[in-house]
Amino acid sequence: MIRTEEMLLNVGPQHPSTHGVFRIVLKIDGETIIEANPVIGYLHRGTEKLAENLQYTQIIPYTDRMDYLAAMTNNYVICHAVETMMNIEIPERADYLRVLVMELGRVASHLVWFGTYLLDIGAMSPFLYAFREREAIIGFLNEISGARLTFNYMRIGGVKWDAPEGWIEKVRDFVPYMREQLAGYHDLVTGNEIFLNRVKGVGYYSKEEALDYSLSGANLRCTGIAWDLRKDEPYSLYDRFTFNVPAFDSGDAWARYQCRMAEIEESLKIIEQAVEQFPESGEVLAKVPKIIKPPKGEAFVRIESPRGEIGCYIASEGKKEPYRLKFRRPSFYNLQILPKLLVGENISNLITILGGIDIVLGEVDG
Amino acid sequence: MKGLAKGLKYTLSNLTKQNVTTQYPDVPLQMPDRFRGIQKFYPEKCIVCNQCANICPTDCIQLTGNPHPDPGKKGKIIDTYDINFEICILCDLCTEVCPTEAIVMTNNFELAEYSRDELFKDLVWLDENDNNVRKENKA
Amino acid sequence: MVNDLLTSPPGWMHAAIFFGLGACLLMIVLGFVTYAILAERKVLGFMQLRPGPNRVGGRFGLLQTVADVLKLLIKEDTIPKAADKPLFILAPVLAFAPAFMVLAAIPFSDHLKFSDLSIGLLYYIAISGITTVGILMAGWASNNKYSLLGGMRSAAQMISYEIPLVISVVGVIMFSGSLNLTEIVEGQKTVAYMFLSPLGFIVFLISSIAELNRTPFDLPEAESELVAGYHVEYSGFRWAFFMLTEYVYLFAMAALTTVLFLGGWNPVPFLGFIPGIIWFALKFSLIVFFMIWVRGTMPRLRADQLMEFAWKVLLPVALLNIFVSAVVKELFLR
Ligand code: SF4
Ligand code: SF4
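Chains as they are written, first to last, in UniProt numbering: chain E, 1 to 366; chain A, 1 to 139; chain B, 1 to 334.
Calculated directly from the structure, the hints in this document are not laboratory data.
Don't take each hint at face value.
Pairs of lysine to aspartate or glutamate, EDC-like flavour, derived with a Cα cap of 16 Å [stated by the list, open to error]:
#, chain 1, residue 1, chain 2, residue 2
1, A, K2, E, E193
2, A, K138, A, E96
3, A, K138, E, D162
4, A, K135, E, D187
5, A, K6, E, E143
6, A, K2, E, D162
7, A, K138, E, E143
Turn these sequences into a full structure, and let the hints guide you.
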């Protein structure tokens with residue numbers, strides 16, 4: 001008689017493909033996963049609690065560290081929340097700059113995802129190609145904000161710096177260049193049969209499941225629900241641009257891949273239009289009081305980050321510091337479906353599925 | 001098969017392309033002017049208003065001041081000024097609030113040290129850190 | 001000279017000479033490994049728009065691998081407490097020894113060969129199978145779950161791919177009518193077998209990449225899944241032995257492909273004035289470059305797809321190849 005035994009396999013927190021310090025305890029039978037228990041919290045820094053003792057301006061640099069791949073959207077969500085509470089009118093130029101940096105950030109974030117996802121699947125080169133373009137974007141953001149990842153660029157009422165001379169032109173020239181490179185990525189990866197075999201039909205979930213698990217971003221759009229807050233609840237200036245919300249309905253890792261690649265193109269469209277409409281001159285910071293004290297009350301705003309819906313809830317008692325601050329961090333919610341998806345898959349698929357969700361541990365753990 | 005061939009073609013065509021890497025640290029990395037690096041401090045400009053220490057989100061600035069030695073003048077002069085770079089996040093807020101631009105950013109980013117103690121920079125060190133000072137400090 | 005040695009009766013003198021020659025070959029192989037690793041890193045680097053190793057040994061990093069090996073030599077040799085000690089120590093040896101043994105059968109040129117086995121091809125395939133045992137042993141003895149999975153995967157993979165590998169060369173054996181590698185090369189005087197049995201060549205190339213555990217078939221050590229697969233727990237020089245095995249096999253497999261399908265040391269028509277050994281080296285380098293190139297491009301297959309591919313695609317194609325080869329032989333080689 002052959003006796004088989006289940007085995008407990010601990011993946012992470014130090015593992016090349018858990019994208020940081022994610023840990024998952026697997027019960028496996030051979031290579032088949034019977035049960036998966038994610039363990040999170042290795043990167044918990046208590047951003048929300050810390051914020052209760054910080055002035056609103058001081059919270060902004062902390063948000064940079066949540067989703068460190070697309071910090072601009074995090075900057076924006078907190079500023080947007082405070083501005084909504086205080087009814088601050090943002091100068092047009094500042095708003096355009098915000099849109100530009102957010103969309104650049106989105107492209108950069110998706111590029112990192114693209115590269116690391118392919119690295120997970122075993123192809124090494126796409127990572128380096130993607131980082132070449134990302135480096136260019138990081139360069140732009142560095143030029144305008146003074147940091148490569150932790151921008152701390154937005155302020156309540158606008159942005160800290162105006163665009164440096166020639167910056168807008170550089171961004172304009174970047175768009176066609178990026179399109180060309182994107183075509184190269186499609187040559188290298190999208191048609192690759194091995195890649196297709198790895199992602200097609202892997203990690204499938206249905207529309208209903210996606211909604212039940214409160215998924216957002218590409219993880220939701222891959223099931224065919226074209227829900228994008230930029231389109232459906234336009235904030236900032238997004239109602240001024242024409243762009244599509246790519247949605248694919250196969251609900252698997254392949255749809256998520258297509259979705260993100262298509263989103264890069266849509267972001268480029270937005271960047272192109274924003275550069276075109278960019279006002280000649282103007283203020284970049286509204287007149288705001290030196291000490292920011294939102295009135296008593298509460299507000300919740302949500303925007304579309306590269307990973308999904310990021311929300312910010314503020315309860316204010318009219319003081320310099322918030323009474324309570326809460327971020328709806330999309331990676332955290334998107335991750336919840338993982339244990340369900342993993343049951344019955346093998347270990348190679350674990351990597352494909354986990355990578356496809358696109359988590360950033362800084363955001364999951366908060 | 002076609003997809004594989006396309007991919008092979010793409011990598012082959014990149015074989016002869018120019019490298020995109022930089023030869024850091026052989027060639028120093030030039031950061032754009034706005035880059036936020038280690039601060040430079042001008043003791044003579046500081047009026048000991050404490051604003052920088054108050055705004056700092058990580059509480060990493062410690063400063064003390066003495067009364068002005070010239071009894072005719074009001075105000076204070078700086079005595080000690082320390083920034084703890086173990087926790088400074090180079091967020092730019094201190095330089096943003098300083099009314100006299102006594103604390104400004106430089107473009108130097110090389111903070112690696114062999115000991116944690118060395119990350120504790122004092123007034124003298126910060127004063128001497130005067131190359132690559134950022135040209136434009138206020139938006 | 002070698003031919004004389006091979007035909008003369010055995011004796012102590014001969015043993016010593018052969019030992020010396022073997023040591024020479026080992027040195028050459030080690031030299032190759034050193035520069036194959038460098039070449040791999042350089043070519044990958046260039047493909048990925050970066051310079052690759054460029055600090056130790058001048059602009060081209062010529063001494064990088066030497067430095068790496070030196071580092072491995074002086075590293076602490078750790079053996080996990082829960083490991084099966086004798087097996088753990090034996091595994092790298094068992095993996096490496098066959099890798100070097102197979103080289104004995106390969107003729108590098110008309111005069112440069114170390115043996116002239118009449119069943120050279122069979123010898124190669126049989127001996128190289130032993131490495132699987134070494135790898136499985138390493139995976140088991142480490143007492144680490146990742147290495148166990150890696151070891152299992154590699155055993156399954158190597159066994160499945162050995163079959164199409166062997167069957168794909170049946171065509172070649174039919175053409176040459178011999179298992180002797182020298183005779184196989186001699187048979188390719190006019191036309192290389194890669195043109196006569198292109199199907200066999202493709203199947204052989206793919207299975208050989210799988211046998212070598214290289215991307216896209218690098219599942220046993222799948223960096224992103226199993227961390228490093230069967231050699232997770234190895235460090236220092238034991239680990240170096242596994243690396244060495246891998247690259248010596250790369251050497252052997254590229255040489256075998258050259259011999260079987262690319263015509264060995266036979267020159268391309270009209271360029272006969274270039275010595276055979278150089279032709280061999282050129283063809284050989286081409287194969288090595290191809291393997292590196294594939295590594296720079298492809299993602300990794302999944303374990304179940306890998307098996308399916310071997311049994312459902314490669315094997316039938318290899319069988320078909322036998323049939324096609326027979327027809328070709330009847331029609332053109334009469
Ligand atoms: S840069 Fe930020 S963290 Fe550093 S000292 Fe200034 S205010 Fe504090
Ligand atoms: S804000 Fe400027 S002037 Fe005031 S204490 Fe700080 S460095 Fe001195």
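Status of each hint after checking the structure:
no., hint, result
1, K2(A) <-> E193(E), "8 Å, holds"
2, K138(A) <-> E96(A), "7 Å, holds"
3, K138(A) <-> D162(E), "11 Å, holds"
4, K135(A) <-> D187(E), "44 Å, violated"
5, K6(A) <-> E143(E), "36 Å, violated"
6, K2(A) <-> D162(E), "48 Å, violated"
7, K138(A) <-> E143(E), "15 Å, holds"
In this structure, the earlier hints numbered 4, 5, 6 are contradicted, and the remaining ones agree with it.
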